[in-house]
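Peer 1: These are the residues of each chain, in order.
There are 4 protein chains.
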Amino acid sequence: METRFCYRKNHFSRTADGLKVTPKEHEYIFKTQLKPKKTGLMLVGIGGNNGSTSVGAIFANKKHMTWRTKEGIQTANYFGSVTQSSTIHLGWDGQQQIHVPFNEIIPILSPNDLIIDGWDINNANLYQAMIRAKVFEPELQEKLRPYMEPIVPMPSIYYPDFIAANQGDRANNTIPGTDKKEHLEHIRRDIRNFKAKHDLECVIVLWTANTERYTDVVDGLNMTAEQILASVDASADEISPSNIFAIAAILEGAHYINGSPQNTLVPGIIDLAHKHNVFVGGDDFKSGQTKIKSALVDFMVNSGLKPESIVSYNHLGNNDGKNLSEARQFRSKEISKSSVVDDMVEANKILYPTGQKPDHCIVIKYVPFVGDSKRAMDEYICSIFMGGRQTFVIHNTCEDSLLATPLIYDLAILTELATRIRYADANDGEFRPFHEVLSILSLLLKAPVVPPGTPVSNAFMRQFASLTKLITTLAGIAADTDMQIEFFTKLPKAN
Amino acid sequence: METRFCYRKNHFSRTADGLKVTPKEHEYIFKTQLKPKKTGLMLVGIGGNNGSTSVGAIFANKKHMTWRTKEGIQTANYFGSVTQSSTIHLGWDGQQQIHVPFNEIIPILSPNDLIIDGWDINNANLYQAMIRAKVFEPELQEKLRPYMEPIVPMPSIYYPDFIAANQGDRANNTIPGTDKKEHLEHIRRDIRNFKAKHDLECVIVLWTANTERYTDVVDGLNMTAEQILASVDASADEISPSNIFAIAAILEGAHYINGSPQNTLVPGIIDLAHKHNVFVGGDDFKSGQTKIKSALVDFMVNSGLKPESIVSYNHLGNNDGKNLSEARQFRSKEISKSSVVDDMVEANKILYPTGQKPDHCIVIKYVPFVGDSKRAMDEYICSIFMGGRQTFVIHNTCEDSLLATPLIYDLAILTELATRIRYADANDGEFRPFHEVLSILSLLLKAPVVPPGTPVSNAFMRQFASLTKLITTLAGIAADTDMQIEFFTKLPKAN
Amino acid sequence: METRFCYRKNHFSRTADGLKVTPKEHEYIFKTQLKPKKTGLMLVGIGGNNGSTSVGAIFANKKHMTWRTKEGIQTANYFGSVTQSSTIHLGWDGQQQIHVPFNEIIPILSPNDLIIDGWDINNANLYQAMIRAKVFEPELQEKLRPYMEPIVPMPSIYYPDFIAANQGDRANNTIPGTDKKEHLEHIRRDIRNFKAKHDLECVIVLWTANTERYTDVVDGLNMTAEQILASVDASADEISPSNIFAIAAILEGAHYINGSPQNTLVPGIIDLAHKHNVFVGGDDFKSGQTKIKSALVDFMVNSGLKPESIVSYNHLGNNDGKNLSEARQFRSKEISKSSVVDDMVEANKILYPTGQKPDHCIVIKYVPFVGDSKRAMDEYICSIFMGGRQTFVIHNTCEDSLLATPLIYDLAILTELATRIRYADANDGEFRPFHEVLSILSLLLKAPVVPPGTPVSNAFMRQFASLTKLITTLAGIAADTDMQIEFFTKLPKAN
Amino acid sequence: METRFCYRKNHFSRTADGLKVTPKEHEYIFKTQLKPKKTGLMLVGIGGNNGSTSVGAIFANKKHMTWRTKEGIQTANYFGSVTQSSTIHLGWDGQQQIHVPFNEIIPILSPNDLIIDGWDINNANLYQAMIRAKVFEPELQEKLRPYMEPIVPMPSIYYPDFIAANQGDRANNTIPGTDKKEHLEHIRRDIRNFKAKHDLECVIVLWTANTERYTDVVDGLNMTAEQILASVDASADEISPSNIFAIAAILEGAHYINGSPQNTLVPGIIDLAHKHNVFVGGDDFKSGQTKIKSALVDFMVNSGLKPESIVSYNHLGNNDGKNLSEARQFRSKEISKSSVVDDMVEANKILYPTGQKPDHCIVIKYVPFVGDSKRAMDEYICSIFMGGRQTFVIHNTCEDSLLATPLIYDLAILTELATRIRYADANDGEFRPFHEVLSILSLLLKAPVVPPGTPVSNAFMRQFASLTKLITTLAGIAADTDMQIEFFTKLPKAN
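Residue numbers (UniProt numbering), protein chains in the order written: chain A, 1 to 495; chain B, 1 to 495; chain C, 1 to 495; chain D, 1 to 495.
Quick caveat, the hints were computed from the structure, so don't treat them as lab data.
All values reported here derive from a predicted model rather than from experimental measurement.
Take these hints with a grain of salt, some might be off.
Put simply, identical chains are the same to the list, so a pair is met inside one copy or across any two.
[Said to hold, decoys possible] Pairs of lysine to any residue residues, derived as SDA-like cross-links and limited to a Cα-Cα distance of at most 25 Å, are as follows:
| no. | residue 1 | residue 2 |
| --- | --- | --- |
| 1 | 38 | 432 |
| 2 | 357 | 68 |
| 3 | 275 | 231 |
| 4 | 24 | 14 |
| 5 | 35 | 16 |
| 6 | 35 | 15 |
| 7 | 9 | 23 |
| 8 | 134 | 59 |
Please put together the full structure from these sequences, using the hints given.
Peer 2: This is the structure we're talking about:
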């Protein structure tokens, strides 16, 4: 399918009189292969809460499972997945607004189509993992048992320096030895076998395992593809497990997505992805407190209200929380959660004259009793008109894995879609794939990695608009639905 | 200034195979008179909290007033006004995102330019009114005293049947008699005098007085311009004070905006506005709980989360709260607050199969102690993935008048702008004004009145996008900034 | 068992110099029959949420049931019952504080000992009722099924004028006819049969059915025992179903407790109880929002902080909420919830000079989605030192029936205990039972009915101290544990 | 004034059959000197928020100051002071409950009687300090200026190792040198001069300065009076500024109270206090989050509800918050806040079988924007009946200094009272003062220091009962008001 799109874009120059804005139009051609590829998803940390929930929910949906809760009969669903449960506004038919399901605009995979396998440092089978996760109701756990019990995670890589010491007990399913080159080969072999076994056209490796500490980013270590491969060969200390997985994926032609906050995607890995024509994306699922923050702060700033203080407390009791209770791992998380308002603050120099920023504070605590039922408690204080203050206090019960898992599907589904798209500038007609850093995933990520030199956009509704506009453009039906000129004018409204 | 805009719009037809979508382009031409008009704003209820705050804040801003608070020196500002404190994203200059203040895109009025006068059923001068309002700090009150004390509201119309009985004590500044025709003439004279005295090009009458009960809407009474004029002549019981003000405004060529929830804008009044080529807009300032709800629910539904229960409690202690403590007045408010999620619910048939709606409950209580410092307490419960639930609990301290007053300015400023715009379909080239029901004000209103047969859109970020897209279109610099294709492609990013 | 207690009490006289306080001592003798009686508990509304939960939980505890939840294995318990789960502080043994379970001080019944039956206007058996209630987890429901399914409520009395119209559908199990005298006889027969069938020594009838509207309290109707019996004979309109149940109980020598807010215990019924030597108690279980309010406000006032505004919102989705969605039934509830801070306010004339009271507002809304999981949202604002304000905002997820049911057991258990107590003034040695209005139940009731002329005390911790002091007094081991002189003095601390 | 009190106390022995409880009575004689002493209060940290607020509020109260706020005219008061604003229940006079102001039972000082001076490491005068504190309204600040400006703190002791590095800038008013012995002499001289200048009978030194890190408690350093004096002579590193102040106070016969959480009151200092017959008390004002926690958890546990998880977040922006943003200082605070529920948990072995404790987590963050307006956000989750859960979420806006300052007065007033009390066991008649560790201050302190071997009681209402019982006992009018036998019996109620 080939579509043309006339992209309106302003060009800027600064003159003595100030900013000069010149509107221009660029014509793009998009070519989208319509048939989704047979796709495999390999989860690092498949035995964790997200991992077992991802796998279980697909079985539950495929088998149309239902289960009793005290509130009544519950049915499997894909709520919280943008690709499966959102709709896109296409326009007005003269009678009503037309909204079409996201997954009916252009052909994309369903989570049900994904073939899943993965690694974990713990050897519990997925039935045991699911019980440990405390996410599904008991009756559902039992209905899933025959499907989940046979699945045992492949051994994973465990370098204790990168995750919290309290994870040591869990690490009973690890690839032996200390030679990182061998570990890389092991993982590459796992990917090759998986691909061959299922005859896959597309493989995506996605990290949903423990948050690692940050690694150093220094020349000689990991600034280029060559450097990082050499560092693996040398079993360099700063090569993390997630580095190994990302490199293995790329070398096998698989795409790599980082669902945790650590800085896996160092320049050397992005360079490697570029050379191997695969996508990388990250960091950190945007599912709960940060997601709503990225919508709320945008709302406030656009309303002309000035957030002065944003205090975000969290506590959770699952293994993610346990791992984050050590300082270095928390630090990774703190970084990914902190930058989320920066672009919105910088967008408004009336409220925030250069150099001003709101107080912004992030806390995560491990509270075993709450389990996977993560609690986010936020206080936003805005300066409003004439020195007044508006204070928002929010208590948000975010079921951690139930919010994150749909994002895993969406990340995989959008990545697969991206592999089918080529675009060209109409002037030269040369078709290319998207940039290897796949920024269309930003909607789903707390601290989006973007192509070097391009801006990060965190505002949820803007990200959503960007993604849906792309989807309708690919389908050749992009419309200026946000403008709705027809409703405030007196032109005939007939179709 | 004349600009052309190619508006992309989908046309729809239903076939045996389902919905057929055909993209089309319409070319519009916009002509905007660049020089803002000298504009007068007449407030009904100028002695109320919003009224005295509106007037006082303009003096404070014009005179660059500062005042001490325990936190330090405070400066007058226009935070919370979209036209004065928001920025619009124009694009990327290769280095950074370009955001320009809303009021620098095309020439619009500043609140400082507005000439204000108004009516009130109470005769307190605006210094007394300001003290009664409990909105400004004492030091600011004293600095404003010389400007506020001389302003005394013009006598207003008081029909006890329309507002709460507890307002009776306040009604000491009313136009005598019971002949509604005479009242209409009295108000028309006030408008004429005001216009003449200040030599105004544009007058806007804005209701920020007590919420009235709903009036009946029945044929013979108020369905056409003729009917409603006849009903005024007959002093019909169902002609409310706000009807009189709206009719007086329209007959004097002034625009009329309803900042309260009652149904002033009955078909007869819209018809009258149409005949007199003036704008009407309403209903009910969207400033606090409902405003954030219109952003949050849109965020949730677009995230694929399903709001199942939305419970919105409010309490306040100012005179608005006192008036709303009677059932019929509360009912008007309840209606305007209730419809706000309807369009978002209808937009998603995956989450809400036909006929489903969330439980939605609105409560407003009068609690004198909190004064103007309105408290909104909300609980949102969403069904999420696999039967889980996400619960958001929000306590929102909304300073009532400090949030509403900037909207009063914005409503007036955007209305004045609208009077300067003509548009044409490029095919016929005939220039027309906007529809007399001014739906570009929707961003600022809880229950937007829209032209008959057109859809209501309540989602804040969509409304904001719609408005800012119009503004850039008028300026000839509309861009597809929401799409940001340039950042996920590999095209040269140079300017 | 007989114990003596020297009760320290101040006597007061007012003189020209002010209040004169004279300490006096009264010696009391308490005689407690140690063996608990075989006791039956008859619930009005046994098919409601509280009813089915009460019955089910006793089976679950007796059978030591366990069930799986996603968090793990759950065991039946009696948490939330003061008699079963609280401890009483007896003193210090030189090493540690000695706290003994409440039910080990003097012999009292266990909930497991109660024999339960009851009436309901709906004919669902208790298994169906339990499913409808949405209180227990599905696995527990199934384990209880064999015990619950055979239990079918006896037909009850339904006078539509007293409860909400929306209860009409539910009323399919009612005693026919309109002759209230016959209804009384029918219920008396039910009580007699129950007593005989189980060979009971003590029967308690407890209303846990729908909240009724208030009845008139007027001379000629219900001011004396004779009047109210005559009114029943005459099938007077103002004789409510709960009146009939109370009268039937009293005439059969059974004690009557009102767990709902309506004014069942009119003077005529108290008079009748007096004449028949049975206890009556009420009104309205104190289980959630009001319970914590009665602790918090006492805490605040004793801290010298002045609550100025107390706003209490509630919503729930069970049948209680549905019934309360009509105005007259809500009004009963509003009254019982409103008076709870009055005694604390009156206790402090420094904070509240005569005539001052805080703003206090109560709202209950019916929100079906939340079911039995009642939500209470409160805002307390206190004036503090030097004009400052402390604001407490509370969101309280109170599982409605899980909080109320333990109170049902406690009410029955304490009532049975009261039947075994006689006391005498040591001066005359004449032993008497407690007053027929059983005020020792106050801890468990929102609006305690007390003997005429005696004060109501709502402060939770004071009520708790009062009850536990009585229990230790009966056991002959009352101590001044609250004073703890031994710890700030230097006397030898040895035992 | 001399009063006798028969104290009921249980004695315990453990037998084969279990615990044996034997009630006993001890007769005590209390002798209270009725005339309060002329008392001086010396604040360490007088230039901090609490310090300047304490001094300013006394002037405001003495001069009956009023000031305008936007809500109206505000009057100086002592709300939040138990001694000045609480009442004590004395009994029932047949008509109504008799509550008498705390300060009318026995003669005690008023804050107005206190003569205040103090030290600070910063040389701002108290007018400047008051502005910096952001506690009082501007108009009040100006009214206080003539009284506050002349007061300049005496130079204080600054050992950078004990407080946060960020306090370095503030330290411009310090006693020179590094010889701790000389510092001790300097402070002793300050105390002597103050006492002589004002001809005082009683001096109290109270630490309301920065939280220090914990010091080591080791033999040879500070386990006895001799050791700690020798350590001062040797200028030992582990001798903190607060140690010096405490020792100086004791050696000058002044009482010492620690309002911060650090462990100033090491065994050597308590020993020294014993030898010099002065009182010491601490630690850490109980004013906000912890105070309400100590009431709430007691309420929950006594209700038979089981707190399983208590998560307490705080943020504040004053200098206390800034100092606590370093780890060692926060650690002191964390300890004092953590132990507060321990006694309540240990009191109930039904809910908490041996070894069980709730998850309990404390966080304090420095958020400059909120200033002195401290925010506490708590989540309590209780296991309730049959595996249910009750969740309380609290947002508590606690004005930090406005809550703490009244406690400073109360601590001083109660300490002065304690100096006037002697008690004797009636058996030997030998009169003694209270223990040198003044545990009657516990009500006001987060982590009460108690005499060795005695239990800590944190439950607010129990502490309140203990204190008020003592006060009425001293006045000879102690009554069993908590029991209220007269209301559930049928004895004559006449006076």
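Peer 1: Compare the structure with each hint and give your call.
Peer 2: Going down the list of hints, with the structure as the test:
Taking the shortest Cα distances, residue 38 and residue 432 sit within 25 Å of each other inside one copy (22 Å), while across copies they are farther apart (55 Å). Proximity of residue 357 to residue 68 under the C-alpha cut-off of 25 Å is restricted to the inter-copy arrangement: shortest distance 23 Å between copies versus 49 Å within a copy. Proximity of residue 275 to residue 231 under the C-alpha cut-off of 25 Å is restricted to the intra-copy arrangement: shortest distance 18 Å within a copy versus 69 Å between copies. For a Cα distance limit of 25 Å, the shortest separation of residue 24 from residue 14 inside one copy, 17 Å, qualifies, whereas the shortest one across copies, 36 Å, does not.
Within a single copy, residue 35 and residue 16 get their C-alpha atoms only as close as 53 Å, which misses the 25 Å cut-off; across copies the closest is 23 Å, which meets it. For a Cα distance limit of 25 Å, the shortest separation of residue 35 from residue 15 across copies, 24 Å, qualifies, whereas the shortest one inside one copy, 50 Å, does not. In this homomeric assembly, residue 9 and residue 23 come within 25 Å of each other (Cα to Cα) both inside a single copy, at 6 Å, and across copies, at 21 Å. With identical chains, the CA atoms of residue 134 and residue 59 are at most 25 Å apart within one copy only, with a shortest distance of 17 Å there and 27 Å across copies.
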